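Now for the letters of each chain:
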Amino acid sequence: MAYRVRPAVVGCAIRPAITERTRSLEEIIYDISQAALADAGLTIEDIDGIVVGCNDQFDGRAISVMMASGPTGGVDRDILSTPSSSEHAFILGALRVASGQFRTQLVVSWSPTEVSSMSEAQRLGADPYFHRALPLDELSSHALQASALSHVWPNAWIFAETVAAKNRRHAALAWPEPPARPRPGPARWPLTERLTTQPVTGAVAMVLAGEPFVRERAFENPAWLRGMGWATEAAFLGDRDLTTAPALKEAARQAYAEAGIADPTTAFDVVEITDATGYSELIAYDALGLASRAEIAPRMADGWFARGGRLPVNLSGGVIAFNPVFCTGMIRIAEIANQVRGRAGPHQSPGVRLGLAQAGSGFAMQYQSAIVLGADA
Amino acid sequence: MELLGRQEVWNITYDHALGETASYFFTQIRDNGKIFGRRCAKSNKVLVPPRAFSDETLLPTTEWVEVGPGGRVEAFTFVYEQFNNLPPPPYAFGYVLLDGADTALGGYFKGVDLTNPREAAEALAIGTRVVTKFAEQRKGDVLDFWFEVA
Amino acid sequence: MTDRVGIIGIGQSNFRSRRDDASYPDLVREAVVPAMLDAKLDFDAIDAVVYSLSPDAMVGIGNAERLGVDAVGGRNKRFLRINTGGATGVSSVTAAYYHIASGVCDVVLTAGADKVGECGDSQTVLNKIWDPTYERALPLGTINMLAMSAVRYMKRYGMTEEDMAYVTVKNRRQAALNPRAHLRKVVTIDDVMDSRIISWPIKLMDCCPQSTGGAAMVLASEQFIRDNKLDAVWITGVACRAETYWMGDRMGNNPTAEHADAYALGRSFAQSYRMAGITDPANQVHVAELYAPFSNTEYHAIDAAGLVAKPGDSIKRLRDGEFELGGRVPVNPSGGTLCTNAIAVTAMARVAETALQVWGRAGTHQVDGARVGIASGNGGDHQIFGTMVIEA
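If you're matching them up, the sequences are chains G, Z and U in order.
Take 1 as the starting number for the first sequence in the working numbering and just add one per residue.
Take 378 as the starting number for the second sequence in the working numbering and just add one per residue.
Take 528 as the starting number for the third sequence in the working numbering and just add one per residue.
It is possible that part of the hints are untrue.
With a cut-off of at most 30 Å between alpha-carbon atoms, the simulated DSS-like pairs for lysine-lysine come out as follows [claimed, not checked]:
| no. | chain 1 | residue 1 | chain 2 | residue 2 |
| --- | --- | --- | --- | --- |
| 1 | U | 756 | U | 712 |
| 2 | Z | 411 | U | 712 |
| 3 | U | 655 | Z | 510 |
| 4 | Z | 516 | U | 655 |
| 5 | Z | 487 | U | 682 |
| 6 | Z | 411 | Z | 516 |
| 7 | Z | 487 | U | 655 |
| 8 | U | 604 | U | 567 |
| 9 | U | 682 | U | 843 |
| 10 | U | 843 | G | 249 |
| 11 | Z | 510 | U | 682 |
| 12 | Z | 487 | Z | 419 |
| 13 | Z | 516 | Z | 487 |
| 14 | Z | 419 | Z | 516 |
| 15 | U | 756 | U | 604 |
| 16 | Z | 487 | Z | 510 |
| 17 | U | 567 | U | 756 |
| 18 | U | 712 | U | 843 |
| 19 | U | 604 | G | 249 |
| 20 | U | 837 | U | 682 |
What the hints contain is simulated information worked out from the structure, not anything from laboratory work.
No experiment lies behind these values; they were computed from the predicted model shown.
Work out the full structure: start from the sequences and follow the hints.
So this is what it looks like as structure tokens:
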């Protein structure tokens with residue numbers, strides 16, 4: 001299924017850790033939206049529509065798109081909201097551009113830390129019928145997934161810790177002056193503090209444009225959308241085999257089919273994975289076809305996924321570096337877009353022609369998305 | 378068959394950063410009993426309550442402008458129904474265009490006899506002059522002030 | 528022409544106050560099954576799901592769409608959720624439309640449900656839509672927000688409380704013919720005028736109910752519809768517009784959007800009409816399902832839809848019978864949001880009802896000969912508006 005009009009990313013702004021409390025949430029959203037427009041060299045008049053990805057419970061508002069409409073430039077403009085995840089905002093924005101009915105879309109996501117307990121807010125996501133009484137927040141769900149994987153692969157913890165260490169090394173290079181010092185998250189068996197990072201406030205915005213607009217305005221180095229896939233796992237954790245990610249396999253299948261990718265281990269120059277924990281990254285290697293469980297040990301030993309390796313993953317430092325919970329998914333996509341555009345800064349990989357971003361959200365990565373961006377249309 | 382139910386309560390606390398603009402607005406109310414708006418240079422509108430940027434022009438606002446204490450009624454309603462966690466009725470509230478402002482500010486109307494809403498509606502008809510009153514002890518929030526017919 | 532997007536299946540609950548016999552996912556399923564049967568498809572044929580859900584707090588489950596995954600047959604499928612407050616239902620159909628118009632999907636299911644009647648108090652939840660910085664401490668809710676719109680509409684156009692009652696009487700009479708509607712009891716002007724005041728001038732019978740139930744629709748590409756020889760109606764116009772979140776900015780000096788009116792709704796309709804090639808809506812539109820949860824708001828919705836020459840004309844013309852079944856352009860022949868309001872899907876019901884009308888399948892509340900219909904949804908503090916034009 002071909003896009004009517006091929007979309008491209010022409011602007012990005014990423015603020016993965018905002019620690020000052022001088023700006024209100026509206027003002028943070030205004031700042032990131034303006035920054036993305038500036039990066040694209042566009043003004044709001046060039047924007048035909050907006051999609052925001054934000055979570056009511058994190059924001060403390062019953063309909064979070066409402067107050068976002070002003071700062072994103074949504075007044076007298078078309079604005080929609082996908083509270084399911086930040087990456088869904090990117091996806092819907094891309095679909096709108098692909099329809100040919102919009103020249104451009106601005107997609108924005110943010111994740112504040114104003115709620116007294118993120119765990120409490122997340123626990124409200126457990127259904128009241130069977131699971132609400134359990135301490136089921138996102139960290140617990142990742143711990144359950146880690147525990148399930150450890151059961152079938154007793155050495156998984158070694159590789160999860162290696163992945164986390166790799167990503168922290170990448171973070172040190174990517175952020176020579178880090179906006180915030182990442183603080184270890186709580187331990188929750190079998191997750192050690194080395195495997196998680198405390199939530200921080202963050203925001204991200206991207207500008208998408210369709211091919212005719214890209215040509216008309218002569219953008220240099222847009223990141224073309226070559227393939228996009230997304231899917232969801234079942235609702236109840238108990239219905240899932242937590243050692244695998246079938247929804248990610250399906251999302252990758254869709255994206256690879258659109259992009260014409262036969263062998264993901266040779267097609268991509270760079271990859272970003274939502275490493276909610278090191279275990280999440282291991283599961284993603286398998287589902288994305290980058291390394292099956294048996295292949296992970298030898299490939300990691302060969303340094304495949306580290307900087308300078310055959311298939312560098314998370315040169316940005318990933319989520320272990322900064323954890324603005326709700327927007328980690330869109331940040332992975334923005335990081336790959338920047339790699340393709342040559343705008344990734346200190347962690348730019350040379351000569352990137354094709355990149356893959358995997359975004360996962362929800363309890364044990366219930367929502368999975370795979371986005372392929374490339375230098376060629 | 379027996380149908381069961383379950384009670385759940387949502388109780389989450391937030392600590393929202395107000396930012397410099399709103400903080401200035403509230404400290405002026407708390408410390409000086411004054412209300413300020415922010416002007417957008419491009420539209421020349423004085424926005425009340427003040428914001429760091431105009432959502433119309435998307436430009437940062439540029440200067441503080443003191444507004445009120447007099448103003449005119451722009452909208453009102455009288456609530457006669459009790460809603461959970463909202464004040465006991467009856468009460469009147471609405472929006473007032475303070476002198477010097479271009480947009481209206483929300484607040485309670487006090488001192489209006491609400492026994493007969495149609496009469497009260499005449500007393501607070503759109504355009505009626507009102508004045509802002511401030512509480513003796515102020516905390517720096519919107520309940521520090523209210524409006525009364527001038 | 529083979530690039531239109533059509534509606535091939537529709538399902539709706541019979542909306543009620545409470546459904547103690549059904550969990551939230553059950554309600555979703557109860558609308559999805561008839562929609563799929565109507566479309567004559569298996570779940571295998573669905574390429575993507577767009578989930579319609581407004582404030583999580585109404586349902587009492589954070590990101591409740593995750594629970595609805597199985598109800599919509601969503602495992603391992605493309606899935607995302609939309610929330611634009613009360614407009615969520617029309618925004619979801621809009622998002623589904625773009626899944627197809629992009630060229631990526633052929634068949635998309637959009638569905639959702641609400642249990643507003645189960646939430647302790649919807650106005651308490653809806654108070655939380657205002658920003659904590661300036662307005663949360665005020666007792667704002669959707670009822671009093673629209674009461675203030677009524678006060679301004681009265682001043683600008685001379686609307687009276689009795690004019691408001693006319694809308695309720697009309698819509699209840701129409702809801703009585705619709706088995707899916709929640710409030711179906713016919714009422715008189717006196718009944719409405721005597722009902723207790725909630726937030727002046729809005730009285731109890733000027734208000735929508737808190738409804739429980741689900742809705743679902745299946746959309747498909749024209750190519751798929753032709754290849755499979757399916758029956759369909761067509762989405763020929765679609766748009767969305769927001770106005771300023773700040774109600775006080777819709778008053779005062781030279782506001783762009785006036786709180787009495789529905790500025791962004793007018794802008795959204797203008798865009799939908801442009802797409803659909805409608806230049807004279809007052810004469811080209813046969814039926815309208817316009818989101819209006821309070822009686823007074825139906826007037827500015829009719830104005831914004833361009834069904835009258837200028838704003839405020841809707842008052843007299845409604846009294847003259849132009850907007851009821853049998854009239855020139857029946858508005859809300861289903862009874863509308865005023866008689867049924869399951870927030871997460873109430874705007875989808877507007878699209879569904881419009882589609883049924885131009886399809887000739889609306890049953891006892893059918894508008895004879897309707898071939899061009901319009902639907903609208905409002906969300907937030909009367910802020911985000913979605914519109915559609917649907918044709919046979």
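Going through the hints against the structure:
1. U:756 <-> U:712: violated (41 Å)
2. Z:411 <-> U:712: violated (52 Å)
3. U:655 <-> Z:510: holds (26 Å)
4. Z:516 <-> U:655: holds (21 Å)
5. Z:487 <-> U:682: holds (22 Å)
6. Z:411 <-> Z:516: At roughly 13 Å apart (the allowed maximum being 30 Å), residue 516 (chain Z) and residue 411 (chain Z) satisfy the hint.
7. Z:487 <-> U:655: holds (24 Å)
8. U:604 <-> U:567: Holds, at about 19 Å.
9. U:682 <-> U:843: Roughly 15 Å between the alpha carbons, so the hint for residue 682 (chain U) and residue 843 (chain U) holds.
10. U:843 <-> G:249: violated (60 Å)
11. Z:510 <-> U:682: Between residue 510 (chain Z) and residue 682 (chain U) the Cα gap is close to 26 Å, so the pair holds against 30 Å.
12. Z:487 <-> Z:419: Violated, at roughly 36 Å.
13. Z:516 <-> Z:487: holds (19 Å)
14. Z:419 <-> Z:516: violated (33 Å)
15. U:756 <-> U:604: holds (25 Å)
16. Z:487 <-> Z:510: holds (9 Å)
17. U:567 <-> U:756: Given that 30 Å is the threshold and the Cα spacing comes to 11 Å, the pair holds.
18. U:712 <-> U:843: Status holds; Cα separation ~25 Å.
19. U:604 <-> G:249: Holds, at about 11 Å.
20. U:837 <-> U:682: holds (16 Å)
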